[in-house]
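Can you make the complete structure from the sequences, with help from the hints?
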Amino acid sequence: MSAQHADSSEWYLTCFQSFEQQLNGDSAAAVHGLRRAGIDRFAASGLPSGHDENWRHAGINAVSRTRYQPLSSTEGADAAVEESTLPRIAGWQGSELVFINGKFAPSLSTLLESSGVRAMNLADALKQEPDVVHAHLDARSSQYEGGYAALNSAFLQDGAFVHFTGDGADPVHILYVTSAGAGAADGDKPMTTPRTLIVADANVDGMVVEHFLGLTPAAYLTNAVTEIAVGEGSHIQHCKIQQEGEAGSHLATMYVTEDRDCTFTSHNVSVGGRLVRNDITTLIAGEGITSTLNGLSLGGGSEHVDNHTTIEHAQPNCSSHELYKGVFGGQATGVFRGKIHVHPVAQKTDAYQSNKNLLVSPEANITSKPQLEIYADDVKCSHGSTTGQLDADAIFYLQTRGLSATAAVRVLTEAFADEIVDRIPHVLLRDEVRALAQTKLRSLLEETH
Amino acid sequence: MMLKIENLHASIDGTPILKGIDLEVKQGEIHAVMGPNGSGKSTLAQVLAGHQAYEVTEGSVVFEGNDLLELAPEERAREGIFLAFQYPVEIPGVNSAYFLRNGLNEVRKHRGLEQMDAIDFLSLIREKLELVEMDESFLKRSVNEGFSGGEKKRHEILQLAVLEPKLAIMDETDSGLDIDALRIVANGVTKLHTPEKSVILVTHYQRLLNYIVPDVVHVLMDGRIVKTGGKELALELEERGYDFVREEVAA
Numbered sequence: 151m152s153a154q155h156a157d158s159s160e161w162y163l164t165c166f167q168s169f170e171q172q173l174n175g176d177s178a179a180a181v182h183g184l185r186r187a188g189i190d191r192f193a194a195s196g197l198p199s200g201h202d203e204n205w206r207h208a209g210i211n212a213v214s215r216t217r218y219q220p221l222s223s224t225e226g227a228d229a230a231v232e233e234s235t236l237p238r239i240a241g242w243q244g245s246e247l248v249f250i251n252g253k254f255a256p257s258l259s260t261l262l263e264s265s266g267v268r269a270m271n272l273a274d275a276l277k278q279e280p281d282v283v284h285a286h287l288d289a290r291s292s293q294y295e296g297g298y299a300a301l302n303s304a305f306l307q308d309g310a311f312v313h314f315t316g317d318g319a320d321p322v323h324i325l326y327v328t329s330a331g332a333g334a335a336d337g338d339k340p341m342t343t344p345r346t347l348i349v350a351d352a353n354v355d356g357m358v359v360e361h362f363l364g365l366t367p368a369a370y371l372t373n374a375v376t377e378i379a380v381g382e383g384s385h386i387q388h389c390k391i392q393q394e395g396e397a398g399s400h401l402a403t404m405y406v407t408e409d410r411d412c413t414f415t416s417h418n419v420s421v422g423g424r425l426v427r428n429d430i431t432t433l434i435a436g437e438g439i440t441s442t443l444n445g446l447s448l449g450g451g452s453e454h455v456d457n458h459t460t461i462e463h464a465q466p467n468c469s470s471h472e473l474y475k476g477v478f479g480g481q482a483t484g485v486f487r488g489k490i491h492v493h494p495v496a497q498k499t500d501a502y503q504s505n506k507n508l509l510v511s512p513e514a515n516i517t518s519k520p521q522l523e524i525y526a527d528d529v530k531c532s533h534g535s536t537t538g539q540l541d542a543d544a545i546f547y548l549q550t551r552g553l554s555a556t557a558a559v560r561v562l563t564e565a566f567a568d569e570i571v572d573r574i575p576h577v578l579l580r581d582e583v584r585a586l587a588q589t590k591l592r593s594l595l596e597e598t599h
Numbered sequence: 005m006m007l008k009i010e011n012l013h014a015s016i017d018g019t020p021i022l023k024g025i026d027l028e029v030k031q032g033e034i035h036a037v038m039g040p041n042g043s044g045k046s047t048l049a050q051v052l053a054g055h056q057a058y059e060v061t062e063g064s065v066v067f068e069g070n071d072l073l074e075l076a077p078e079e080r081a082r083e084g085i086f087l088a089f090q091y092p093v094e095i096p097g098v099n100s101a102y103f104l105r106n107g108l109n110e111v112r113k114h115r116g117l118e119q120m121d122a123i124d125f126l127s128l129i130r131e132k133l134e135l136v137e138m139d140e141s142f143l144k145r146s147v148n149e150g151f152s153g154g155e156k157k158r159h160e161i162l163q164l165a166v167l168e169p170k171l172a173i174m175d176e177t178d179s180g181l182d183i184d185a186l187r188i189v190a191n192g193v194t195k196l197h198t199p200e201k202s203v204i205l206v207t208h209y210q211r212l213l214n215y216i217v218p219d220v221v222h223v224l225m226d227g228r229i230v231k232t233g234g235k236e237l238a239l240e241l242e243e244r245g246y247d248f249v250r251e252e253v254a255a
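For the record, the sequence lines run as chains Y and R. Taken in order, the first sequence gives residues 151 to 599; the numbers are from the numbering used here. Taken in order, the second sequence gives residues 5 to 255; the numbers are from the numbering used here.
It should be emphasised that the hints constitute simulated quantities derived from the structure, not laboratory data. Treat the hints with care, since some could be wrong.
Stated by the list, open to error - Facing chain R, from chain Y, some residues (calculated, C-beta under 10 Å):
(1) Arg551
(2) Ala555
(3) Ala557
(4) Leu562
(5) Glu564
To be verified - With a Cα cut of at most 20 Å, we get these calculated EDC-like pairs of lysine to aspartate or glutamate:
(6) R:Lys231 to R:Glu28
(7) R:Lys195 to R:Asp184
(8) Y:Lys506 to R:Glu149
(9) R:Lys170 to R:Asp139
(10) R:Lys235 to R:Glu28
(11) R:Lys8 to R:Glu94
(12) R:Lys113 to R:Glu28
(13) R:Lys30 to R:Asp17
(14) Y:Lys498 to Y:Glu437
(15) R:Lys231 to R:Glu251
(16) Y:Lys519 to Y:Asp202
(17) R:Lys23 to R:Glu10
(18) R:Lys8 to R:Glu137
(19) R:Lys195 to R:Glu94
(20) R:Lys144 to Y:Glu569
(21) Y:Lys506 to R:Glu243
(22) R:Lys144 to Y:Asp581
(23) R:Lys144 to Y:Glu437
(24) R:Lys144 to Y:Glu564
(25) R:Lys144 to Y:Asp202
(26) Y:Lys506 to Y:Asp528
Just so it is clear, the structure is predicted and the values come from calculations on it, not from any experiment. Where is the CB? At the ideal position from N, CA and C, for every residue including glycine.
Here it is, written out as structure tokens:
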């Protein structure tokens, strides 16, 4: 607690008081209980600092010292955002929910009446499906890391809700945009608190894309929480694209609860932002589950991308596969901490974790920390971590076939990233992510070579 | 004269390997460069292809009137020099079709030819695959990754067939091959050889030369060419070993 005098904890407590006063009648709603619980958790935990073990390499102090202004998702005028600046996925068939500066934008969104899935903003879901929302919203919040996730709950107003109920569900695209003029006053550094809740009933297939986009060079903070409940026998794919602006920071908590015989696959792609931190936890809560975590972090300039993943093997006969790859240029830094926690009952667990990093500049840096905690004896767990430069022999080989050194480096770097991109099952989305990754790689290679 | 090497000296990490090579290759000729292990054969091949680990300390290499040593490896490739690697490099994530088409289009661009699209390329590559008795499924695999020794060498010949260089430098292309793979590789090189094209075969053993008959045979020892002769020199080396040449040099 000694570091707290320097951070902005008091500021957020004050912000919460005025936020609560503005809520009027809404403060009687059931959801307000979650907000109160959130601010209480926040008051108890405070903001993270670089002294905390889990935040040591995160460069979090600069963020924790900054007084970000929480944005209301119901008050204020709609921000004007050009349609052409939105990363629509060409040919996409499925609902799209667009949020601008934390506020749901119905005119930019498409909510399809499609069989097998209901997608809507969270404020509507609280009216239409209150039981489902309340059964899952913040259900595991005591497990969330650090104070920012608690702040997300404290300022909870709106977000995205996706409910997979049956066969033939179209995928859902959620777009959280921070645009210029997000702050209420000039000089404000705004904080949005996007909240996504994804619930899959039993035996359904579904896919959700969350795309976080910054359309402003100004400083801001996206403080996101995503909760996913995967029902028995269901197959859920989640893809996250983090593309914040150059001075935008991004702190995100994702918690996935998995029921028996389900599969869950996460694709976590990071191509932007100033300081980026993902805390991803999957709770394997039944037998026969396969959890897959894929990650691709591309950082240049002075960007920092920090991924903490935790796989809780709490039941026997399950497997988890994790592959996180990173390419860092400029003075960028990356952190990967992958925790696999095999509980005493979780016999016959098969867990594999791999972290591979490519450093394309001498000043780029990566910290990789596999963390295996195994309390069962009949398990198969392995992990590996590699960090290196491009193979000089491979560059020369390509050159002898006519490619310039620059082109050879580009081809090899793209191939490195493609291993993750190619795992995205949806063709249109995969092409979109590949294009984003290639653009990012070109810019970080250009600044380096 | 297609290639003229004069007094070529090269070293790696300050250690001299090539100590004054003189070699001339005319258009259409096949030259064999033979020699014991460590004589500098592979270094010569790598220096001609432009590997940056080797420093050329003296001498000159002129290829079709141009100073080859001034050119980057890719410029040499575009000018028509091809090195078939002794140890082809594995490139995870880059499939063979992409790799071959990219290389071909770089060469075509340099020659003022149109870029070849995926469809035209496919019909070209099918024909070339037959030559090296390779299956189309190879095209989808990552370059050299998980290839057997023989597959790697056949893949090198496939590249040779696609890129159609003026001068092919084959670095120990016969090493590690069983008799069937050797036949396929040798057959490929022979079929691709035309009166306009030249070949330098770098090899330790004579057996490849049963299939590809050289016009000239050079013996490389301790970084110098110490003996040059016709194809019969290779047979003599096979019979008597390198020692007789060593003795001749000493005398």
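The hints, checked one at a time:
Given hint, Y:Arg551 at the interface with chain R, holds; its Cβ is 4 Å from that chain's nearest Cβ, closer than 10 Å. Hint status for Y:Ala555: holds, given a least beta-carbon distance of 7 Å to chain R, under 10 Å. Satisfaction of the interface hint for Y:Ala557 is found here, the shortest Cβ-Cβ separation to chain R being roughly 8 Å, below the 10 Å cut-off. Checking Y:Leu562 against chain R: minimum C-beta separation of about 7 Å stays under 10 Å; hint holds.
Evaluation of the Y:Glu564 hint against chain R yields a held restraint, the C-beta minimum of about 8 Å falling below 10 Å. For the proposed pair R:Lys231 and R:Glu28, the alpha carbon gap of about 14 Å is at most 20 Å, so the pair holds. Pair hint R:Lys195 plus R:Asp184 holds up; C-alpha atoms about 16 Å apart against a cutoff of 20 Å. Restraint check for Y:Lys506 and R:Glu149: satisfied, since their Cα atoms lie roughly 18 Å apart, inside the 20 Å limit.
The suggested pairing of R:Lys170 with R:Asp139 is violated, with an alpha-carbon distance near 26 Å, which exceeds 20 Å. Distance check on the hinted pair: R:Lys235 and R:Glu28 sit about 16 Å apart at the alpha-carbon level, within 20 Å; holds. Between R:Lys8 and R:Glu94, the direct Cα distance comes to roughly 32 Å. Violation of the 20 Å bound is thereby established for this hinted pair. Taking the CA atoms of R:Lys113 and R:Glu28, the gap is near 29 Å; set against the 20 Å cutoff, the hint is violated.
In summary, the hint linking R:Lys30 to R:Asp17 is not supported, as the alpha carbons are separated by about 32 Å, beyond the 20 Å threshold. The suggested pairing of Y:Lys498 with Y:Glu437 holds, with an alpha-carbon distance near 10 Å, which does not exceed 20 Å. Only pairs whose Cα atoms come within 20 Å are accepted, and R:Lys231 paired with R:Glu251 is accepted, the gap being roughly 12 Å. Among the hinted pairs, Y:Lys519 with Y:Asp202 is consistent with the structure: their alpha-carbon atoms are about 15 Å apart, no more than 20 Å.
In summary, the hint linking R:Lys23 to R:Glu10 is supported, as the alpha carbons are separated by about 11 Å, within the 20 Å threshold. At most 20 Å may separate the alpha-carbon atoms for a hinted pair to count; R:Lys8 and R:Glu137 exceed this at roughly 35 Å. With a C-alpha separation of about 27 Å, the suggested pair R:Lys195 and R:Glu94 falls outside the 20 Å cut-off, and the hint is violated. Between the alpha carbons of R:Lys144 and Y:Glu569 the distance comes to roughly 14 Å, so the proposed pair stays at or under 20 Å and holds.
Between Y:Lys506 and R:Glu243, the direct Cα distance comes to roughly 51 Å. Violation of the 20 Å bound is thereby established for this hinted pair. Of the pairs offered as hints, the one joining R:Lys144 and Y:Asp581 holds, with about 18 Å between alpha carbons and a cut-off of 20 Å not exceeded. As the CA atoms of R:Lys144 and Y:Glu437 are separated by approximately 37 Å, the hinted pair breaks the 20 Å bound. Taken as a hint, the R:Lys144 and Y:Glu564 pair is honoured in the structure, with Cα atoms around 17 Å apart against an allowance of 20 Å.
Straight-line distance between C-alpha atoms of R:Lys144 and Y:Asp202 comes to about 48 Å, which puts the hinted pair past the 20 Å bound. For the given pair, Y:Lys506 sits about 27 Å from Y:Asp528 by alpha-carbon distance, which is inconsistent with the 20 Å threshold.
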